[in-house]
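A.B. asks: Listed below are the residues making up each chain.
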Amino acid sequence: MSARIGVVTFPGTLDDQDAARAVQLAGAEPVALWHGDHDLQAVDAVILPGGFSYGDYLRCGAISARSPIMTEVITAAGHGVPVLGICNGFQILCEAHLLPGALTRNESLHFVCRDQTLRIENNRTAWTNAFESDQLITVPLKNGEGNYVADEATLDQLENEGRVVFRYVDVNPNGSRRDIAGICNASGNVVGLMPHPEHAVEELTGPSTDGLKLIASAIAALAGGGVLA
Amino acid sequence: MARVVVDVMLKPEILDPQGRAVQGALGRIGLTGVVDVRQGKQFVIDIDGEIDDDVLAQLHEIAANLLCNPVIENYEMSVDVTGGATPAGEHQGTFVGASSDAVAHANEGQQ
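Heads up: the protein sequence lines correspond to chains A and B, in order. Residue numbering for the first sequence follows numbering that gives the first Met the number 0, beginning at 0 and increasing consecutively. Residue numbering for the second sequence follows numbering that gives the first Met the number 0, beginning at 0 and increasing consecutively.
For reference, chain A alone in the conformation it holds in the complex (with noise of 0.2 angstroms):
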């Protein structure tokens, strides 16, 4: 049987369809999930999808951070399945404190939108397990408030601890401390990242098939009887 992989629809999410494509596509079954849902329909890992949730509004992701779902969501990611937060699902899973640090407003203003190239720093997470250490992918990149922000000691850790799982290459989009593209939590199972690698499953549509990489991973971790260190 294979992996049932819920996606999240939050009022104002945008790419859930594509998220859920992109489960399909790397040959899990995707789940639809509600925001106002205190249920989770057992399913083996979530992915929160990007968009624009409530508009952005007070912060982005605040308001989802604190939804019916997400307090099922982080119970869900205590006992490690593997939760993915892509974008707005980075900025909720920082709100929720799910994972340390905050996104906010581009350095430059200017909304983003690039195929940008992310070198994967720790293939060792529920999400990145399928890639080679320091493999180079290219998915596409588009955010207003990307630029990843933590205090030193938070950033020091991070590192320290191999928490930095995707790195921006050649361009830094958004002004990220430490060109920081996503992170994960302590035990590798929650990953955000505000690049969109469910946009890079086709060869028709997007600039590689990597997205498809980090679906295999969380197939791969869940067969694998669950997280990687």
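Since the hints were made in silico from the structure, they are not lab data. Since we're looking at a predicted model, the values are computed, not measured. Keep in mind that the hints are not guaranteed to be accurate.
Claimed, not checked - Simulated pairs of lysine to any residue, SDA-like, Cα-Cα distance not exceeding 25 angstroms: (1) B:LYS40 with A:GLN156; (2) B:LYS40 with A:ARG166; (3) B:LYS10 with A:ARG113; (4) B:LYS40 with A:GLU158; (5) B:LYS40 with A:ASP150; (6) B:LYS40 with A:ARG113; (7) B:LYS10 with A:SER186; (8) B:LYS10 with A:PHE110; (9) B:LYS10 with A:GLU106; (10) B:LYS10 with A:GLY54; (11) B:LYS40 with A:GLY174; (12) B:LYS10 with A:GLU158; (13) B:LYS10 with B:VAL80; (14) B:LYS10 with B:LEU25; (15) B:LYS40 with B:PRO16; (16) A:LYS141 with B:LEU25; (17) B:LYS40 with A:GLU106; (18) B:LYS10 with A:THR153; (19) B:LYS10 with A:TYR56; (20) A:LYS141 with B:ILE61; (21) A:LYS141 with A:ASN159; (22) A:LYS141 with A:LEU108; (23) B:LYS10 with A:ASN105; (24) B:LYS40 with A:LEU57; (25) B:LYS10 with A:GLU144; (26) B:LYS10 with B:GLY29; (27) B:LYS10 with A:LEU108; (28) A:LYS141 with A:ARG113; (29) B:LYS10 with A:GLY174.
Claimed, not checked - One side of the interface only, derived from the structure: several residues of chain A facing chain B at Cβ under 7 angstroms: (30) GLY54; (31) ARG58; (32) ARG104; (33) GLU106; (34) LEU108.
Where is the CB? At the ideal position from N, CA and C, for every residue including glycine.
Once you have looked at the hints, place chain B on chain A.
C.D. replies: Coordinates of chain B only, in the frame set by chain A:
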């Protein structure tokens, strides 16, 4: 009736690109000598009933963890228990009016 005003500002060490853009605009419309602009948010919360210590503690909890993100922002809270709208409204009106006049004056200088 009480009015609670929460001001949220980015911490000093966090870059504020919006404030920087406003600072640039001020220079372009002829206001010289501006050394820094920081942009923040203000929440005005009207509450029916008494603001006792429990409510105050609740308000601080909300201000610290929902209205502001403690990773990047600080907040200041002021409580007006004398009946709300008028004093805070007056303060706000005066402040906005003064700013608008200054900008209008600067615009006239440009023309």
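A.B. asks: So, against the hints stated earlier in the document, which numbers end up violated here?
C.D. replies: When the structure is compared with the hints, numbers 1, 2, 3, 4, 6, 7, 13, 16, 20, 21, 26, 30 turn out to be violated.
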